[in-house]
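Take the given structure of chain L and dock chain Y to it, following the hints.
The residues making up each chain are set out below.
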Amino acid sequence: MNLSLDILAEALAPTTILAWKPFLQPAPGVDRWWWLLIVPTAIGISLAYKATRSVELAQVPRDAARMSLQIIGAIVASAVFLYLLVIVLLPMLPAE
Amino acid sequence: MTTTSPKPPFRFGPFLLGWLFPGLGHIMSGNAKRGLYAMSGILILFITGVAVGGIDCVDRKEDRLWFFGQAGAGPITLAVGYANDTLLKTGSAAPMLEAPSVPGGPRVSVSAFKGIAHANDFGTLLVFLAGLLNICVMLDAAVREPSSDAPTSGRRAGDGTPRPAPASPAAPAASGGGGGA
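For the record, the sequence lines run as chains L and Y.
Once you know that position 17 of the first sequence is 16 in numbering that gives the first Met the number 0, the rest is easy, because the numbers rise by one and skip nothing.
Once you know that position 43 of the second sequence is 42 in numbering that gives the first Met the number 0, the rest is easy, because the numbers rise by one and skip nothing.
The following block holds chain L by itself, in its conformation from the complex (with noise of 0.2 Å):
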C-alpha cells in the first residue's frame, strides 16, 4: 500500500503536474498508476449501458453504480486468483 502511495505521489508531485500540458501530451506517470483507470472505465460504460437499457430512468445512476462495483469487483477478484496462481501455486510445483 506503501509502494503504491509513493508511486501515486511522485506521479502526481507538483513539479510533474506543473510541467504537463494536459490534453495536449500524455498524462505524467501513467506507466505507474494505470490500474487506476478501470474506475473511470467501469463508471463511463455503465453509464453509457444503462443509459440504454434500464427502463426507470429514476434507477439509472443507482443501475450504473452497481454495474460500476460489479465490474471492479470482478477485475479485482480476476487479478488476485491469477496472483495466488502464478506468485503462490505455480512455484510450488516440482520443476520437473
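Everything labelled a hint here was simulated from the structure, so no lab data went into it.
As the structure is a prediction and not an experimental result, all values here were calculated from the model.
Keep in mind that a hint or two might mislead.
[What the hints assert, rightly or not] With a cut-off of at most 25 Å between alpha-carbon atoms, the simulated BS3-like pairs for lysine-lysine come out as follows: (1) Y/K60 to L/K20; (2) Y/K60 to Y/K88; (3) Y/K88 to L/K20.
Just chain Y now, with coordinates in the frame of chain L:
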C-alpha cells in the same frame, strides 16, 4: 398463444444526431434525461482517454483500425485527430525528435509529445470504447419511441410491463374453499 410486438421503425434523424454529439439523438427526440446520462458516460470515457493519452491517441494514419471505432464518437474524435495532425505531427506544439530507426532505413522524427507505452495504449482504448458505446447509443436513439420517457407513457415503473388490474377482495375467499353452513 404468443404475441410479438411490432418492430420499431428505424429513424435516421436521431441516429445521425447521436453521431454529431453523444446523446444528442435522445435529447432531440424528447428523451433528454436519458440522453444526458448516455452523454455523461461516453464523455467520461472520451475525456479520460484524451487526458491520459494526449491528442496523439487519435491517429487516423498510424492507428487506422482503432480510428474506425473511435470515429463512432463523432466529430469530437475527428477534431482530436485534426489537432493531432496540425499540432503534434507538424512540430508546432512540441519539438520533433529523431526516433530510432533501422540501420539504413529512412530517418523518422516524432513529436516530443507523442504518447508511448501505457499512456498511448489506454488513451487509444478509452476513446475506442467511447466510440463503440456511442454506436450502441445511436442505435438505441434510432429505434426508441420519441418522448417515451414521459411520465404519461403508461408503463409501470421498473419492469416495463403494463399495470396489473387491482385484485378483487372476494377472490381469495372464493378460492379458499370451505363453504360453511
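Checklist entry - Of the hints stated earlier, which fail here? => result none
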